[in-house]
Amino acid sequence: MAVPVIGSFPSPYELETPAGCEGWQDMYPYYAFFDEERRESDEQRFWFWNSMHFPVPMPAFDAICIDTAYQALGTWQNRVFAVPPAAGIDWRCINGYIYISGNPVTDPEKIAQRAAVFQQRAGYYYANWDELYGKWRSKMEGLIAELEALEVPQLGEYEPDPVAFEDQETSYCALLDAYRTALRLADLMWQHHFEFLLLGYGAYMTFAELCKANLPDMPDQHIAQMVAGLDVLLFKPDAELRRLARLAIDTGVDDAFVEGRSPEEIDSALNESEAGRAWLEELEKVKHPWFHMATGDGLYHTYTSWLDDPRIPYASLIGHVGALKAGEDIERPSDHIATERERLAEEYAALLDPDARKGFEELLALSRTVFPYVEEHKFYADYWFLTSWWNKIREFGELLVAHGFLPDRDAVFQLSRLEVYSALDELLLTWATGGVPRGPKYWPPIVARRRELLAKLADWTPPPAVGAVPEVMMDPALIMLWGVTTQRVHEWARNQEGGPELTGTAASPGVVEGIARVVRTVGEIGDVREGEILVCSITSPAWAPIFSKITAAVTDIGGVMSHAAIVCREYGMPAVVGTGRATSQVATGQRIRVDGSAGTVTILE
Amino acid sequence: MSHTRRLAELRHADGGAFGGKSATLGELIAAGIPVPPGFAVSISAFRAFVEEAGLAGMIGAELARTSPDDVDSVGAASQAISQAMRFAPVPDTVRDEVARRYAELAGEAGGAEPPVAVRSSALGEDGQDATFAGQQETYLWVRGAEHVCDAVRDCWVSLFSAPAITYRARLGGTVEPAMGVAVQLMVDAAISGVMFTCNPVSGDPSMVAVNASWGLGLAVVGGEVTPDDYLVSKVTREVVREHVHPKEIEYVPDPGGRGAVRVEVPEERRSAPCLDAAMLESLVDVGRRVESYFGSPQDVEWAVARGLELPESLFVVQARPVTALARHAATPASSAIDLVMSAFGARPKTD
Chain A
37 MAVPVIGSFP
47 SPYELETPAG
57 CEGWQDMYPY
67 YAFFDEERRE
77 SDEQRFWFWN
87 SMHFPVPMPA
97 FDAICIDTAY
107 QALGTWQNRV
117 FAVPPAAGID
127 WRCINGYIYI
137 SGNPVTDPEK
147 IAQRAAVFQQ
157 RAGYYYANWD
167 ELYGKWRSKM
177 EGLIAELEAL
187 EVPQLGEYEP
197 DPVAFEDQET
207 SYCALLDAYR
217 TALRLADLMW
227 QHHFEFLLLG
237 YGAYMTFAEL
247 CKANLPDMPD
257 QHIAQMVAGL
267 DVLLFKPDAE
277 LRRLARLAID
287 TGVDDAFVEG
297 RSPEEIDSAL
307 NESEAGRAWL
317 EELEKVKHPW
327 FHMATGDGLY
337 HTYTSWLDDP
347 RIPYASLIGH
357 VGALKAGEDI
367 ERPSDHIATE
377 RERLAEEYAA
387 LLDPDARKGF
397 EELLALSRTV
407 FPYVEEHKFY
417 ADYWFLTSWW
427 NKIREFGELL
437 VAHGFLPDRD
447 AVFQLSRLEV
457 YSALDELLLT
467 WATGGVPRGP
477 KYWPPIVARR
487 RELLAKLADW
497 TPPPAVGAVP
507 EVMMDPALIM
517 LWGVTTQRVH
527 EWARNQEGGP
537 ELTGTAASPG
547 VVEGIARVVR
557 TVGEIGDVRE
567 GEILVCSITS
577 PAWAPIFSKI
587 TAAVTDIGGV
597 MSHAAIVCRE
607 YGMPAVVGTG
617 RATSQVATGQ
627 RIRVDGSAGT
637 VTILE
Chain B
1462 MSHTRRLAEL
1472 RHADGGAFGG
1482 KSATLGELIA
1492 AGIPVPPGFA
1502 VSISAFRAFV
1512 EEAGLAGMIG
1522 AELARTSPDD
1532 VDSVGAASQA
1542 ISQAMRFAPV
1552 PDTVRDEVAR
1562 RYAELAGEAG
1572 GAEPPVAVRS
1582 SALGEDGQDA
1592 TFAGQQETYL
1602 WVRGAEHVCD
1612 AVRDCWVSLF
1622 SAPAITYRAR
1632 LGGTVEPAMG
1642 VAVQLMVDAA
1652 ISGVMFTCNP
1662 VSGDPSMVAV
1672 NASWGLGLAV
1682 VGGEVTPDDY
1692 LVSKVTREVV
1702 REHVHPKEIE
1712 YVPDPGGRGA
1722 VRVEVPEERR
1732 SAPCLDAAML
1742 ESLVDVGRRV
1752 ESYFGSPQDV
1762 EWAVARGLEL
1772 PESLFVVQAR
1782 PVTALARHAA
1792 TPASSAIDLV
1802 MSAFGARPKT
1812 D
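These protein sequence lines map, in sequence, to chains A and B.
Sequential numbering from 37 applies to the first sequence in this note's numbering.
Sequential numbering from 1462 applies to the second sequence in this note's numbering.
Fair warning: there could be bad hints in the mix.
Have a look at the derived ranges for each label pair, beta carbon to beta carbon [stated by the list, open to error]:
1. A:Thr287 <-> B:Pro1772: 47 to 53 angstroms
2. B:Arg1719 <-> A:Leu640: 50 to 56 angstroms
3. B:Gly1768 <-> A:Asp371: 39 to 45 angstroms
4. A:Thr142 <-> B:Pro1772: 58 to 64 angstroms
5. A:Lys248 <-> B:Arg1719: 48 to 54 angstroms
6. A:Thr142 <-> B:Ser1753: 46 to 52 angstroms
7. A:Thr521 <-> B:Ser1753: 34 to 40 angstroms
8. A:Ile551 <-> B:Pro1772: 38 to 44 angstroms
9. B:Tyr1754 <-> A:Arg368: 34 to 40 angstroms
10. B:Val1705 <-> A:Phe69: 50 to 56 angstroms
Honestly, the hints are just simulated from the structure, not real lab data.
Yeah, the Cβ is synthetic: ideal placement off N, Cα and C, and Gly gets one too.
Using the sequences and the hints given, assemble the complete structure.
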């Protein structure tokens, strides 16, 4: 049902480049912009800032997570399953921030044709879910193994002996092959990533809709509670940390875990005793795979793994040890969660008439079948694969550093993936010819300028949406994956003017007042103080340790199944998700009230 | 005793003899719901009254002259009948029975002349098809056997109020004008209100909607205050919605000891919420029990007695099926896969 649209969004063509940021476009491919050639159609479309995946300006290399990801989403949604009303998602970049828009299918004949394809193909997936998902896990594990085994050839004075004696290919081919393989593995990961995603969220959303139609006042979080898994893979890493914390106390090495100590200081304290060394051995066993958690949501090279940056797991260990010593219970109340999950399901089913009850029970069962994928794909794809993959790309960076092309290995992420290919090409050419490469003079200034641009663009506040305000949102992917519903978009449009109240999804009940802490990047997690309210773009499971410090959470993007919502419900603290603009409207230090039952955030001072 | 019975002895099947409300109160007591004790006066008592006073012919003639569209004719008939009934004596057999029942009740309450509520219990009242709600009178804080008898007669008279005559005429004249009466010990209500064991607006069966205000229930039932408004989940007891309104007036017992008076609510209590989480939880528990006993969503009037602690302080004074419930579009029985297909815009063919 269409409702009158109030308010508007700015035209993407009106937004100005911040002072000193001229030329930011050079970081991105030619098709990434609101260009004059496509103005007529682009200006009439609705675009929203994908702050869920891209909360900060995009480094040139990391843009692969836009291109390849939307290629894969489009392939599965549009070309494999042929979701009837929606093709794929287009993206554009404004001042380093990524805006996306769905391509609807409107021709009724085409929709009917696609419906036939969808029913056949999606039906096959739902009917064989467990088997196909089992294969998916093996595929992902195989992909990760292949990535870990991939060697980046080094360029020595001479080609290695096997080139001369065993017909091995030369370094030129081997190095470029290795780089192409690295890119191909990322392409495959993204293809796998989207294979189940839409169908998984689709089953869940259909269940949620049935609940809303028959039980219109049911709080959203009850739907999530009924579906969410009990033995969630994403909670495993923290469960292992809790076990290690208990072990530290049981074996008397808990004194090493002092607030303020660095991971290295804790390790060296542990290394002084037999029991401490035994504990460290136990830790080693846990690291694979559980320390492949990312320190953020995974789509930037800056989100490294716990292996790369152990500060988060060590902070968590210190917290768990401290809590245990204070006599607190640090276990997830899993028995309670399990009982409550069944009780809710049974009681709600009993309230429905028999026809609705049948749909309710079947959809709940289907949602529970698909949900492990929805929760676990993040660990395999976004965390384990991507954090390892960024490190593989860093090895290419090291090679370019060794030959003077780059100032440091992370500088590789300031080049686009095609520019890296080009730099490797020139390196190989001049290494072979013995000539003077241009790269060492050419790339470092570009890297420096782009780093400066990213820092400056980080201060720009992107509007939540640009272009036309749509009457209705029909795209299943945008609704399911981003929670961008008609209601949400219209709230954004109304709220353009700003004001002391933000609305979002009521994700975890309760009302709390407190001081806001706005966290825009993972590096700022350490600034969060006891008792503050976390205001962020989106959280990831790797942020678990700070949830024991905060009193409520507010996010820009996300629905009731988002990580922040799940964790807040477990901790019993209020959460409002999907506000669209909390990080741009709220400032650190402001006093705010979070009403997790009504879905509102009020700025009090 | 042929004209009266203890409420606790009544069941649904007694509705024809004692009226719907009394029968429902009997069922509630049987279900273990806290209902103030009392007794019912049967419809036969009303008939004996009409017969002994020789009013049948006069009533029939007056009603025959009315037309539901002619307000003046209804008003004239109502006045004539009411006048005649007020001057007619209550038959001695009825009077004696009421006095004995009242004495029994006084014994239970432990006082000589306990205050009671005298409520009409019309034939067909509280039925699922037609709600007579508000058409008949209730007399609160009545003391002494004589006054109880007078209030019983006042209930009978109310059967011929102008709105009641019009209402029956609209239903097509098939309902015999006859009435029972329920007499119950008065609850000295600090807070009272109404709850629906569903959300009457959205039709959500997982919610209990509660309206509450200070004092006796008259203020809420009569729409004289904007009550505090709560929506509570039956499943988790969470308060899903809560609107506290300023409550300007309340009904309290008349300081003279008889009847109820309307007074202003003291400033400090006006905007204070009437109910806390514990009270809401007790209400939801009782609401669910009433609903499951009767097997359909219920509209329940309740009161919280002054000077008692939960759960003893909570009383149900009336329950009836929710009529005119908002029904959302029913979900057709579909398989999960068909429903998911629909969500993706791939609707299964339904021709």
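For each hint, the structure was consulted:
At roughly 51 angstroms, the beta-carbon separation of threonine 287 (chain A) and proline 1772 (chain B) lies within the given 47 to 53 angstroms, and the hint holds. Taking the beta carbon of each, arginine 1719 (chain B) and leucine 640 (chain A) are about 52 angstroms apart, inside 50 to 56 angstroms as hinted. Take glycine 1768 (chain B) and aspartate 371 (chain A): their Cβ atoms lie about 41 angstroms apart, and the range 39 to 45 angstroms holds. Distance hint for threonine 142 (chain A) and proline 1772 (chain B): a CB-CB separation of about 59 angstroms, consistent with the stated range 58 to 64 angstroms.
Lysine 248 (chain A) and arginine 1719 (chain B) have their C-beta atoms about 52 angstroms apart, which keeps the hinted 48 to 54 angstroms range intact. Taken as a hint, the range 46 to 52 angstroms holds for the pair threonine 142 (chain A) and serine 1753 (chain B), whose Cβ atoms sit roughly 49 angstroms apart. The hinted range of 34 to 40 angstroms is satisfied by threonine 521 (chain A) and serine 1753 (chain B), whose Cβ atoms lie roughly 36 angstroms apart. A hinted range of 38 to 44 angstroms for the beta carbons of isoleucine 551 (chain A) and proline 1772 (chain B) is consistent with their spacing of about 41 angstroms.
Distance hint for tyrosine 1754 (chain B) and arginine 368 (chain A): a CB-CB separation of about 39 angstroms, consistent with the stated range 34 to 40 angstroms. Distance hint check: the CB atoms of valine 1705 (chain B) and phenylalanine 69 (chain A) are about 53 angstroms apart, consistent with the given range 50 to 56 angstroms.
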